[in-house]
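For this one, chain A is given, so just place chains B, C, D, E, F and G on it according to the hints.
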Amino acid sequence: MSVNKPMDILNQARERRVLIRLRGNRRMRGILKNYDIHLNLTLEDAEEIASEGTTKLGDVIVRGDNVIMISPPPK
Amino acid sequence: MSVNKPMDILNQARERRVLIRLRGNRRMRGILKNYDIHLNLTLEDAEEIASEGTTKLGDVIVRGDNVIMISPPPK
Amino acid sequence: MSVNKPMDILNQARERRVLIRLRGNRRMRGILKNYDIHLNLTLEDAEEIASEGTTKLGDVIVRGDNVIMISPPPK
Amino acid sequence: MSVNKPMDILNQARERRVLIRLRGNRRMRGILKNYDIHLNLTLEDAEEIASEGTTKLGDVIVRGDNVIMISPPPK
Amino acid sequence: MSVNKPMDILNQARERRVLIRLRGNRRMRGILKNYDIHLNLTLEDAEEIASEGTTKLGDVIVRGDNVIMISPPPK
Amino acid sequence: MSVNKPMDILNQARERRVLIRLRGNRRMRGILKNYDIHLNLTLEDAEEIASEGTTKLGDVIVRGDNVIMISPPPK
Amino acid sequence: MSVNKPMDILNQARERRVLIRLRGNRRMRGILKNYDIHLNLTLEDAEEIASEGTTKLGDVIVRGDNVIMISPPPK
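Residue numbers (the working numbering), protein chains in the order written: chain A, 1 to 75; chain B, 76 to 150; chain C, 151 to 225; chain D, 226 to 300; chain E, 301 to 375; chain F, 376 to 450; chain G, 451 to 525.
Isolated chain A, as found in the complex (with noise of 0.2 Å):
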């Protein structure tokens, strides 16, 4: 197994815009303040992206179980 963890592309991502998928067809975007093995995230400046358009969310805390997948931006 590797000597790195799956997460440790979260820790360059942190102060940085992260594009967020949750379960229930939900996407999020937001500035990745912290994180922890559970996938737990703060996100500041956030919003919610819909095909009707962003809400803006500002602060945010996520549950973790509810993330399917993150992407950092492009280095």
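Among the hints, erroneous ones may be present.
Under the rule of at most 25 Å between Cα atoms (straight-line distance), these lysine to any residue pairs were calculated in the SDA-like manner [claimed, not checked]:
no.	chain 1	residue 1	chain 2	residue 2
1	F	380	E	351
2	A	5	F	440
3	B	80	B	97
4	G	506	G	469
5	B	80	G	515
Derived, one-sided and incomplete: chain G residues facing chain F with beta-carbon distance under 8 Å [to be verified]:
no.	residue
6	455
7	457
8	459
9	472
10	522
Keep in mind that the hints were calculated from the coordinates and are not lab data. Beta carbons: idealized from backbone N, C-alpha and C, even for Gly.
For chains B, C, D, E, F and G alone, coordinates are given in the frame of chain A:
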């Protein structure tokens, strides 16, 4: 990994009104009194927000595994 | 994190009538006799509340992982 | 927290007929023979109750995580 | 709590034909060869029972968390 | 409880073609190379079986919590 | 039980393009950079595959409990 935990922003949100999204498309608002690491929450003066209007709930304890996300009030 | 736990308000609600929302859109009311940290509950004189009316259940034990939220009676 | 556990009323319900609600809108009735802390149950002379009528099941072991609630018989 | 565990009746059901209900409305029948505390099961000469008829499965291992209930044969 | 574990029949099924039912009505077939106690599986020469036909998957690792049941080949 | 673990084939798949099936009928492809025992994955140059076409995702971290299966590339 961070020295701060994602839930630290909840500590700053205590005694303030937070917005909560629950599974099953429920949304609630209330004054955050307490929380634990599972995101079990105690709210005061809570209300459920639906498209038909809001319903007063008073004090309420929310089981954490229903929580999708929590938004503290703007700083 | 708080010295008080979210479930402490349940202790004050013992022997009083609480309102419970369960997954699957069920709602119940009953006198809270006991609870544990999983939100397993014992209710006395319980009834299920549906749009068609209420159904008497008598004593009932509720498995905690079905619970969404519990409202103690107003103080 | 209480010195009594929510499941203590099950101990008093042993050898008596209980009503059980399971996920997926199933309802059962049977004589409670045994249980454990996960609400795994053994029932004797069990029957499933549906709107179309009841089905005899005889002895049955129910996996606890399907249980929503259990009603002991009136005292 | 009981000195007997709910699963003890499974021990008496070994080498005998049991009826199993699984999540997703599946029903199976087979000779119980082995089980563990998670209700992982090994069945011999198993068959799936559907409204359209039965399907022979031969030996089969069932993952316990799909099990709703198990009926041993009548005594 | 038994000295044999339900999963022991999987040990005898290694290097042989097994049939797997997954949640969401998926069925697969492949040569069982490895497994663990969570029923995480490695299959070789795997194929998905659907009513429309079979799809070649080659080597595949299956996460155990999607597994409903596994049928080893007839003895 | 085997001395090899099911996930060992993932170690050989590192830095190679894998195909992933997720719950909710999602499919993805990407270069496997890292994984852990929960099947949390880090992918590089990832893309989502849908019937309507593919969507570029770039780097992505996938939460393991959404994974159904992973196919390493043919040997």
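Outcome of the hint check:
A threshold of 25 Å between alpha carbons decides the hint, and for residue 380 (chain F) with residue 351 (chain E) the separation of about 32 Å lies outside it, so the pair is violated. Of the supplied pair hints, the one linking residue 5 (chain A) and residue 440 (chain F) holds, its CA atoms being roughly 22 Å apart against a limit of 25 Å. Taken as a hint, the residue 80 (chain B) and residue 97 (chain B) pair is honoured in the structure, with Cα atoms around 21 Å apart against an allowance of 25 Å. Straight-line distance between C-alpha atoms of residue 506 (chain G) and residue 469 (chain G) comes to about 14 Å, which keeps the hinted pair within the 25 Å bound.
Restraint check for residue 80 (chain B) and residue 515 (chain G): the C-alpha separation of about 22 Å stays at or below 25 Å, so the hint holds. At about 6 Å, the closest approach between the beta carbon of residue 455 (chain G) and any beta carbon in chain F falls short of 8 Å, and the interface hint on this residue holds. About 7 Å separates the beta-carbon of residue 457 (chain G) from the nearest beta-carbon of chain F, less than 8 Å, and the hint is met. At about 6 Å, the closest approach between the beta carbon of residue 459 (chain G) and any beta carbon in chain F falls short of 8 Å, and the interface hint on this residue holds.
At its closest, the beta carbon of residue 472 (chain G) sits 10 Å from a beta carbon of chain F; the interface hint therefore is violated under the 8 Å criterion. For residue 522 (chain G), the interface hint holds, since its Cβ comes within 8 Å of a Cβ in chain F; the closest pair sits about 5 Å apart.
Hints 1 and 9 from the earlier list are contradicted by this structure; the remaining hints agree with it.
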